[in-house]
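Just so we're aligned: 46 in the working numbering is position 43 of the sequence shown, and the numbers increase by one with no gaps anywhere.
Hints may be right or wrong, so weigh each one.
Calculated pairs, DSBU-like style, for lysine-lysine (alpha carbon to alpha carbon, straight line, at most 30 Å) [what the hints assert, rightly or not]:
1. LYS57 with LYS43
2. LYS36 with LYS50
3. LYS43 with LYS17
Just so you know, the hints here were simulated from the structure itself, not pulled from any lab data.
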Amino acid sequence: MESRQSSSESKAEKLRALEENLEATRTELESAKSQLSVLKGQIEELKRAEERPKVAFSASIGGHGNTGPFNTDITLVFRNVLTNIGSAYNPATGIFSAPTRGIYYFSFFYHGGTANPTRLSLFKNGQRIATASHHQGQGGPENGSNGVNLLVEAGDHLYVVLGAGSWVWDGRNIDTIFSGFLLTPL
Numbered sequence: 004m005e006s007r008q009s010s011s012e013s014k015a016e017k018l019r020a021l022e023e024n025l026e027a028t029r030t031e032l033e034s035a036k037s038q039l040s041v042l043k044g045q046i047e048e049l050k051r052a053e054e055r056p057k058v059a060f061s062a063s064i065g066g067h068g069n070t071g072p073f074n075t076d077i078t079l080v081f082r083n084v085l086t087n088i089g090s091a092y093n094p095a096t097g098i099f100s101a102p103t104r105g106i107y108y109f110s111f112f113y114h115g116g117t118a119n120p121t122r123l124s125l126f127k128n129g130q131r132i133a134t135a136s137h138h139q140g141q142g143g144p145e146n147g148s149n150g151v152n153l154l155v156e157a158g159d160h161l162y163v164v165l166g167a168g169s170w171v172w173d174g175r176n177i178d179t180i181f182s183g184f185l186l187t188p189l
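Sequences and hints are given; from them, build the entire structure.
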């Protein structure tokens with residue numbers, strides 16, 4: 004009888020241990036399910052990020068020498084394309100055409116001399132957004148730049164205009180440049 008009781012107690016202990024083990028396994032499984040759900044969400048976010056358009060360009064005027072001065076304002080054509088991811092910049096016209104709505108960053112840099120003033124302006128759809136300039140001076144070469152974050156709609160056109168009577172220089176050092184990139188699509 005004692006042996007049966009001992010055997011029953013032993014089996015009961017084993018059963019309790021199995022139940023505890025089962026409960027621990029259930030807890031681990033629930034935790035793993037929760038982690039899996041989080042990971043699935045992160046994977047979906049990464050997939051969406053990968054599908055977002057990639058847009059970035061940089062181009063210089065190219066050549067060696069002055070561009071300008073002209074009697075009227077002109078759109079500068081930056082022919083020497085350094086990068087054009089998304090092909091939104093047209094090196095034949097100097098115009099960036101936004102492929103998607105979003106926040107973009109645009110910048111332009113120039114190198115000019117003192118013989119003539121320099122005035123460059125970034126335009127969006129015919130509206131002046133930002134300007135960088137210097138007046139005719141006495142010293143050596145002049146440099147200037149400007150940059151802006153802009154909300155841009157798909158199809159908007161952005162370009163840099165050289166003001167009438169002013170000029171810029173570009174050479175092998177890529178002195179005058181226009182760049183932009185999509186920060187975040189909206």
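Tell me if the straight-line CA distance from LYS36 to LYS50 falls inside 30 Å. Status holds; Cα separation ~21 Å.
Hinted pair LYS57 and LYS43, Cα distance within 30 Å: The hint holds at about 24 Å.
Straight-line alpha-carbon gap LYS43 to LYS17, limit 30 Å: 38 Å, violated
Hint compliance for this structure: hint 3 is the single one not met.
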